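Residue numbers (my numbering), protein chains in the order written: chain A, 1 to 333; chain B, 334 to 647.
Just so you know, the hints here were simulated from the structure itself, not pulled from any lab data.
None of these values were measured; they are calculated from a predicted model.
Cβ coordinates follow ideal geometry from the N, Cα and C atoms, glycine included.
Don't take every hint at face value.
Under 7 Å between C-beta atoms, here's a sample of chain B residues computed to sit facing chain A [what the hints assert, rightly or not]:
1) VAL455
2) VAL457
3) GLY532
4) ALA603
Here is what each chain is made of, one letter per residue.
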Amino acid sequence: MGAFLRDQWWVVAIFIATLVPLVRRFASAGVMEGLRTLDRRWIFLLMLWSVLLPIYFIGVTGRTFPEVPSALARATFDEIDRLAPGDPVLLSFDYDPASEGELQPMATAFVKHCAEKKLKMYFMALWPVGPQMVQNTVDRVIRADYPNLVYGEDYVNLGYKSGYEAVIRVITTNIRELYTTDARGTAIQDIPMMKGITSVQQMKLIINVSAGYPGVKEWVQYGATPYPAVHLIAGTTGVQAPLVYPYVPRQLRGLLGAIKGAAEYEKLVIDTYGGPNPDPKYLEGLRRMGPQLVAHMLIIMLIIVANVLYFTEKRAARRPSTGSGRPERAEGR
Amino acid sequence: MNRDQLIWIVLFAVGAAALLGRAVLTEQGMGREYIRQTVTPAGGTEFLPATYGDYVRAEQAQPGQTEYRFSRARTIGLWLAAFFTLAVFSFLYSDNPFYKVAESVLVGVSAGYWMVVGFWDVLVPNLIGRLWPSMVQAWAMPGLAGAEAQRNLWYIVPLVLGVMLLWRLAPRGTWIARWPLSFIVGTFAGLQLIGFLHGDFLAQIRNTILPLAVFEAGAFDFWASVRNLLIVGGVLCAVTYFFFSFEHKGAVGRVAKVGIWFLMITFGAAFGYTVMGRIALLAIRIEFLLDDWLWLIDPSRRRAVSMLLQGIWG
Chain A
1 MGAFLRDQWW VVAIFIATLV PLVRRFASAG VMEGLRTLDR RWIFLLMLWS
51 VLLPIYFIGV TGRTFPEVPS ALARATFDEI DRLAPGDPVL LSFDYDPASE
101 GELQPMATAF VKHCAEKKLK MYFMALWPVG PQMVQNTVDR VIRADYPNLV
151 YGEDYVNLGY KSGYEAVIRV ITTNIRELYT TDARGTAIQD IPMMKGITSV
201 QQMKLIINVS AGYPGVKEWV QYGATPYPAV HLIAGTTGVQ APLVYPYVPR
251 QLRGLLGAIK GAAEYEKLVI DTYGGPNPDP KYLEGLRRMG PQLVAHMLII
301 MLIIVANVLY FTEKRAARRP STGSGRPERA EGR
Chain B
334 MNRDQLIWIV LFAVGAAALL GRAVLTEQGM GREYIRQTVT PAGGTEFLPA
384 TYGDYVRAEQ AQPGQTEYRF SRARTIGLWL AAFFTLAVFS FLYSDNPFYK
434 VAESVLVGVS AGYWMVVGFW DVLVPNLIGR LWPSMVQAWA MPGLAGAEAQ
484 RNLWYIVPLV LGVMLLWRLA PRGTWIARWP LSFIVGTFAG LQLIGFLHGD
534 FLAQIRNTIL PLAVFEAGAF DFWASVRNLL IVGGVLCAVT YFFFSFEHKG
584 AVGRVAKVGI WFLMITFGAA FGYTVMGRIA LLAIRIEFLL DDWLWLIDPS
634 RRRAVSMLLQ GIWG
């Protein structure tokens, strides 16, 4: 840390310089008055620094925070790890660049895990930009690190289909009703790995990376619940995760919630398949837990400060009154 | 000149000077994109994303090589992305023309993208390709073959419904659009009713019927029992809070109050997850600015050949 501060003194200097006006304000007006009249843009600035500094520190030093996989991350990992080479797996990438920060690390880890297990990967998307996310992941993982995997034999991109949950409803019984070609325009019957595949029920596992509607909820409702033999695991955004926890474990065998879930799953994949010197692109989730820690500490601190301020003001407002205090309470509301 | 204008001018001046200094005065520069030219199995040319490190290594191995090269188009895209990122962030200080431009471009590009995707991924394969397969095969989808290449006249029905839906834009007879709209609403209502009944209502009741004393291999599992007790107790208390046939007094009121606590903890967890999600989104934009654009950090070792970080990364 000391070496980092000495080498990167200019970042520290900018950080201190931006906060000098805030300190001067507190010094002149007093801490309580300064907090009471604090411009919200100072909080934005503090949040920026709380995210930027850890990213810079981790980016320069290469260090990441330790991560202990939870039972849910382990269940997700085990669902893929129990499969045998050649088993068909459907990967539905239902997200877009707006959620890439949260979901791309888990999408990358899912594909690496499937590639290591030599599973047959069937990619699809219920979001219009999903095929691009599939292509990015395929380029980053399969084409870069698993060049022996052949398109059409080991993995295929079926592309995007509109229709939201209706798509799931149809392909669980007849995949060819909707998919006549893959994303490249090749006829389904000309793709070797599509031979004998007629419906999603033949998949050994469905992996859904979901940012909202349509996504994991629809896969649970129309893909997994009516067909208990179809196993479903998912990686979701933080906003969506609390809504799908009730489906675990019967309807949803594994769940990665937001970047924390991604980091835990990455840890399991890298520990098992990453080797002694893993490629940094498989550590994105672990790296992004640094800014999470500092930003969460800032938010907790702000909540405490705001509450102290609120109760102090409330007490001060009550003080002049000698009666029951009811009028002041009403005013306080 | 007011205070806001002064702040903007200072920010622009400092930012521009820093960018210029970094781009011109440093050895590695910043914000450049590279590509790799490859040949596809079909004999075509394909351009794949490459890194500055790939380019330098290829130049060291064979000076003047043409496989890896600087990409002007991608570099312009990178700088535009950086500009729009900063323009959107600038709204946090105050509303300004840069933010307005970024907002308008985003809305316009999204609308255009949706229209193009809707045409090529929905209308062409799902409607035109079903009604005029040979034309679509010759024009847009050479892979269309077999049973899918046969004309299916049933698709006249969605064509007619689609035209009726667009009738809403006509000056007269807008009521015609209500028929396909009612068809869409009815279909989705029916589909969702089944989905929610099966996937949520019944399945969630099933998921709540849990043993309160869990035994694993004949031994009492304390923590699993506590978990099940919390799930069953939490559901019953929360449901009691929404049960208005009895006044929330006495025992019912106390149970409902516990239900409120369960709901509040749930909302708190949801808020925490939302915060985590938003910070992750902010983190990736800052990573983009520091890594892809400014080349200040290199966590993925993409420029490890010439960066100062080489020694640190090993």
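Quick rundown of the hints versus the structure:
1. VAL455: Holds - the Cβ of VAL455(B) comes within 7 Å of chain A, reaching about 5 Å at its closest.
2. VAL457: violated (11 Å)
3. GLY532: GLY532(B) check passes; min Cβ-Cβ to chain A is 3 Å, inside 7 Å.
4. ALA603: The hint holds - ALA603(B) has a Cβ within 7 Å of chain A, the shortest such distance being about 4 Å.
The structure fails hint 2 only (numbered hints given earlier).
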